[in-house]
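Visitor: Sequence:
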Amino acid sequence: MPLDVVRLRVLVAVARTGTVTAAARELHYSQPSVSHHLARLEAETGAKLVQRVGRGIRLTEAGRLLAERGAEILGRLDAASTELAAHVGLRAGRVRLAAFPSALGTFVPAAAARLARDHPGLDLRLMEAEPPEALRLLRAGRVDVAVVFRFGETAPEDDGVRLVHLLDDPSLLVTPTAYGDAGDLAAYADGTWITGCERCRAHLLALCAEAGFTPRVSFTTDDYVAVQAMVAAGLGTAILPRLALSAHRHPDVRVSELPGSDRRVYAATYGEPPDPPATAALVAALLAII
1 MPLDVVRLRV LVAVARTGTV TAAARELHYS QPSVSHHLAR LEAETGAKLV
51 QRVGRGIRLT EAGRLLAERG AEILGRLDAA STELAAHVGL RAGRVRLAAF
101 PSALGTFVPA AAARLARDHP GLDLRLMEAE PPEALRLLRA GRVDVAVVFR
151 FGETAPEDDG VRLVHLLDDP SLLVTPTAYG DAGDLAAYAD GTWITGCERC
201 RAHLLALCAE AGFTPRVSFT TDDYVAVQAM VAAGLGTAIL PRLALSAHRH
251 PDVRVSELPG SDRRVYAATY GEPPDPPATA ALVAALLAII
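First residue of the sequence shown: 1, per full-length UniProt numbering; consecutive thereafter.
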């Protein structure tokens, strides 16, 4: 009778991890399910593969032999799957990207056009999301790549998130042209402030703390067009990244760069390398247009 690949994978996991419990955890199976697969594999092969030792089990000589050969077989199957994905993955299929608004309004469309030119069979899906939400989508498997940004004070990303640096984006102090020179942060300590997402707000608070004051935030929006409109109307002062001003610049605002306050922009993927071919192609397209 041909060997069942799923049951063979269970035996190899038990051999590698040493216990049914650890194998179940690695494979995301229940312990009874692992024991059932081992029993069925013994029935299929007609050989005693495991034996009880106290509260645990150990592989018999036949079990060790089959586990060793099974590891080789599974390795070849996995390699064949990877090679096949590399062969067909860029000719058909879907790849999904989540990105924050100013990225979608600047460099992401150019990367999408490059990907479509180089790999016309790929179906690219785009979604707008600020970094925390984009990373949640990435971890949940709902997107394949998340374009995110980080500031110096941003907490480290979760284990499993891999970051590829794309660019550094300077922060700009945005004030109405009627105020004259934009000046520095401390000049607006007594005024009102406009801010956006939670990472942007944390960055504003950190910069203002360095300048010796706590900002009075009166308006919160992730829409950088609306932020500039409110600043132009004299409703407050804001800090925006250069990408936001590149995507849209209100004629009645004045900007001044804040040295040393860049945000770093990354393409994030999740899980162990290597990335699937379509995901790798999307990251490569992003890098190519920066």
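No wet-lab data here; the hints were simulated from the structure.
The C-beta atom is built at its ideal place from N, Cα and C for all residues, glycine as well.
Possibly wrong hints are sitting among the right ones.
[To be verified] Cβ pair distances, simulated, as ranges:
hint, residue 1, residue 2, range
1, Gly141, Ala187, 46 to 52 angstroms
2, Ser256, Asp159, 37 to 43 angstroms
3, Phe213, Gly260, 15 to 21 angstroms
4, Pro120, Arg55, 56 to 62 angstroms
5, Val5, His165, 36 to 42 angstroms
Visitor: Determine for every hint whether it applies to the structure shown.
Guide: Verification of the supplied hints:
In this structure the hint that Gly141 and Ala187 lie 46 to 52 angstroms apart at CB holds, the actual value being about 47 angstroms. In this structure the hint that Ser256 and Asp159 lie 37 to 43 angstroms apart at CB holds, the actual value being about 39 angstroms. The supplied range of 15 to 21 angstroms is met by Phe213 and Gly260, whose beta-carbon atoms lie about 18 angstroms from each other. As the Cβ distance of Pro120 to Arg55 is approximately 58 angstroms, the hint placing it in 56 to 62 angstroms holds.
The hint said 36 to 42 angstroms for the Cβ distance between Val5 and His165, and at roughly 39 angstroms that hint holds.
Checked against the numbered hints listed earlier, the structure breaks none of them; every hint is satisfied.
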